[in-house]
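Peer 1: Now for the letters of each chain:
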Amino acid sequence: MDWKQLWEILSAADNVPIVAMIPLLAFYMYLAWKQAHANDVLIEQLAGDAALAKTHHRKAWPFQPGWAKEVHVWPFLLRIEFLAAIIVTIILMVWSITLNAPLEEPANPNLTMNPAKAPWYFLGLQEMLVYFDPWIAGVVMPTLIIIGLMVIPYIDTNPLGSGYYTWKQRKFAIGTFLFGFIILWVSMIFIGTFIRGPGWQWFWPGQTWDHNRLIYEVNRDLPDLFGITSNWGKGIFGAVVVGGFFAVGGLAVHAFFRRHNPKDYKRMSLLQYSILMTFLLTMLGLPIKMLLRLLFHIKYVWITPWFNV
Amino acid sequence: MPDEKDPNGKNGKSVGLVDRIKTGVKEDLESLKTDFPAKAKEQVELLKKPSKTQVFLSIFRHKHDDTPRNRALGVLSNVFLHLHPAKINRDSVRYSYTWGMGGITFYLFIVLTLTGVLLMFYYHPSKVQAFRDVLYLEHDVPFGKLLRNMHRWAAHLMVIAVELHMFRVFLTGSYKKPREFNWNVGVILLVLTLLLSFTGYLLPDDQLGFWAVTVGTNMARATPGLGNEGPFAPKFITPYNDVRFGLLGGSIVDANALLRSYIWHCIGIPIIASIFMILHFWRVRKDGGISGPAAVVLDSEIKEAKK
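Chains as they are written, first to last, in the working numbering: chain B, 436 to 744; chain Y, 52 to 358.
It is worth saying that the hints were derived from the structure and are not from the lab. Heads up, some of the hints might be wrong.
Each computed EDC-like pair below joins lysine to aspartate or glutamate, with the alpha-carbon atoms no more than 20 angstroms apart [stated by the list, open to error]:
1. B:K698 - Y:D70
2. Y:K138 - B:D475
3. Y:K196 - B:D449
4. B:K494 - B:E516
5. B:K701 - Y:E352
On the chain B side, residues computed to face chain Y include the following (Cβ under 8 angstroms) [to be verified]:
6. V454
7. I457
8. L466
9. K494
10. L512
11. I521
12. V523
13. I525
14. I532
15. E539
16. P541
17. M548
18. F607
19. V676
C-beta atoms are modelled at their ideal positions from N, C-alpha and C, and glycine is treated no differently.
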């Protein structure tokens with residue numbers, strides 16, 4: 436266990452934000468879960484008691500008949516905003532006094548940094564470069580992430596859970612978002628920041644960053660495992676495998692979605708449903724491709740003269 | 052008959068110019084003695100109530116007694132506060148619902164603008180001077196190091212705050228009808244925040260920024276159709292006219308890339324982001340204020356649209 440190495444990584448000035456973000460995220464997930472749980476309990480109670488549902492104010496927070504439903508923005512909101520601004524300023528001041536922004540040697544195109552890392556919030560995408568060609572990891576994926584986020588309001592047809600925390604009313608939507616945000620985005624950033632060392636090799640936390648380490652990995656393409664050698668054969672084989680993933684995966688997701696979200700399934704138009712399927716399967720394909728690489732040393736699945744997947 | 056009392060009349064005693072001046076001055080002196088103490092007294096009384104002065108009333112357009120009307124006017128008649136409604140749902144002020152992340156993001160943008168403008172006074176976006184300017188800023192400019200640190204960390208904090216804001220908006224289902232469009236504006240603002248941070252990364256012109264931007268823009272080389280190493284690129288796309296060339300103003304990360312990065316960072320993206328922020332805040336109000344905390348809705352209460 437190389438504690439010095441671990442400390443060097445954890446305390447590197449630019450890594451501090453991601454170190455700070457993990458407990459912050461844990462805290463806010465707890466806060467959200469607490470309120471979602473309280474609301475879910477209330478929803479269950481109201482669903483079982485029609486009389487109460489008519490008179491209850493329908494929030495987990497207490498409310499008494501005499502209380503005003505609205506409060507003045509001044510001072511009740513503005514004082515909070517003012518306080519928040521002061522607290523953020525204090526945090527920022529203390530942080531800026533105690534920790535210096537990094538400044539390396541002057542830029543030198545002849546001396547490559549090893550590892551050369553992007554800013555922490557892009558490390559998830561940089562990590563993707565291990566598993567995909569640059570045009571997918573660097574161009575297609577960011578585009579898909581942005582478009583995928585943008586279509587969310589138009590494909591989520593569930594009218595429940597608008598304006599309050601809940602889990603039971605929106606299991607599918609929240610589960611999917613947590614998978615995309617926590618598993619794919621944040622943990623990829625975590626790997627890129629803390630695990631990847633010189634040569635973008637995998638170093639466990641506490642393992643010394645050995646700049647001379649060589650790993651003799653033989654990554655093979657999937658068609659090679661099946662003894663396919665001709666270019667045409669590889670292209671067709673890859674198309675069948677990738678197409679098969681979308682077909683079989685799509686059918687599996689369809690079977691699941693139809694049973695567990697019958698109302699959403701009924702509400703969705705064909706266009707909404709196909710967009711949901713496309714993005715969901717692409718997102719699921721990501722960890723599958725990663726596992727193929729990490730566990731089975733498979734580089735490409737689909738090889739064509741124009742692109743490789 | 053001429054008026055006998057006419058001082059200039061033939062029958063009356065004529066009054067000379069000197070006498071007239073004498074009486075006049077006497078009257079003036081008399082008025083100093085009587086009027087000024089009275090005016091001074093009045094003035095002191097007025098100064099005791101500064102909120103009654105014309106200057107004050109011209110700036111603040113309403114009274115400040117603690118009445119509900121004045122509380123509302125204090126928000127509505129203030130250009131900086133009038134984005135708020137006068138009154139809000141009593142539960143909307145709960146920190147546990149919004150986490151305050153949207154507001155914190157905006158506050159950090161303001162901090163970044165202020166510290167950024169101050170940094171611009173000391174920075175030349177040229178290969179010769181950029182790195183030296185940062186050294187100068189760190190070692191010679193009073194509070195220069197603090198200024199740079201604050202800019203750096205506020206930028207990182209802003210990325211965190213934006214992501215947490217988006218997380219909260221998702222978890223509360225706040226993107227649902229009628230707020231679909233504002234969610235999209237928010238996604239664009241997220242991208243702009245990341246781009247702002249990324250363009251700033253190169254500016255110190257050190258190894259960290261140089262290689263981060265090299266890694267980042269190398270991906271642009273692989274853009275399908277538009278990058279010289281990307282799939283489906285036509286034959287005429289070369290390293291000297293592809294999309295990476297356009298981003299860097301050259302085929303390598305050099306002086307032009309520094310200048311482009313600087314202009315995007317300090318002028319281009321902040322203006323675009325400001326426009327989207329205006330839209331974002333305006334839509335928050337137009338879409339009915341913040342989404343909640345709303346009353347919970349039961350599954351049995353949803354009326355399905357007939358198909």
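Peer 1: Look at each hint and say if it fits the structure.
Peer 2: For each hint, the structure was consulted:
1. Between B:K698 and Y:D70 the CA atoms are separated by roughly 106 angstroms; this puts the pair beyond 20 angstroms, and the hint is violated.
2. At roughly 28 angstroms between alpha-carbon atoms, Y:K138 and B:D475 are farther apart than 20 angstroms, so this suggested pair is violated.
3. Taken as a hint, the Y:K196 and B:D449 pair is honoured in the structure, with Cα atoms around 16 angstroms apart against an allowance of 20 angstroms.
4. Note on B:K494 and B:E516: the hinted pairing is violated, with a Cα-Cα distance of about 24 angstroms set against a maximum of 20 angstroms.
5. Of the pairs offered as hints, the one joining B:K701 and Y:E352 holds, with about 17 angstroms between alpha carbons and a cut-off of 20 angstroms not exceeded.
6. Proximity of B:V454 to chain Y is violated relative to the hint, the smallest CB-CB distance being about 11 angstroms (cut-off 8 angstroms).
7. Of the supplied interface hints, the one on B:I457 is violated, with its beta-carbon coming no nearer than about 11 angstroms to a beta-carbon of chain Y, more than 8 angstroms.
8. For B:L466, the interface hint holds, since its Cβ comes within 8 angstroms of a Cβ in chain Y; the closest pair sits about 6 angstroms apart.
9. Among the interface hints, the one on B:K494 holds; its C-beta lies about 6 angstroms from the nearest C-beta in chain Y, closer than the 8 angstroms criterion.
10. Look at B:L512: its Cβ gets to within about 5 angstroms of chain Y, closer than 8 angstroms, so that hint holds up.
11. Because the beta carbon of B:I521 sits about 10 angstroms from the nearest beta carbon in chain Y, more than 8 angstroms, this interface hint is broken.
12. For B:V523, the shortest C-beta to C-beta distance to chain Y is roughly 6 angstroms, which falls under 8 angstroms, so the interface hint holds.
13. For the restraint placing B:I525 at the interface with chain Y, the shortest Cβ-Cβ distance is roughly 12 angstroms, beyond the 8 angstroms limit, so the hint is violated.
14. For B:I532, the shortest C-beta to C-beta distance to chain Y is roughly 7 angstroms, which falls under 8 angstroms, so the interface hint holds.
15. Satisfaction of the interface hint for B:E539 is found here, the shortest Cβ-Cβ separation to chain Y being roughly 4 angstroms, below the 8 angstroms cut-off.
16. Checking B:P541 against chain Y: minimum C-beta separation of about 5 angstroms stays under 8 angstroms; hint holds.
17. For the restraint placing B:M548 at the interface with chain Y, the shortest Cβ-Cβ distance is roughly 4 angstroms, inside the 8 angstroms limit, so the hint holds.
18. The criterion of a C-beta within 8 angstroms of any C-beta in chain Y is not met by B:F607, whose closest approach is roughly 12 angstroms, and the hint is violated.
19. With a least beta-carbon distance of about 19 angstroms to chain Y, the hint placing B:V676 at the interface is violated under the 8 angstroms criterion.
Against the hints set out earlier in the document, violations occur for numbers 1, 2, 4, 6, 7, 11, 13, 18, 19.
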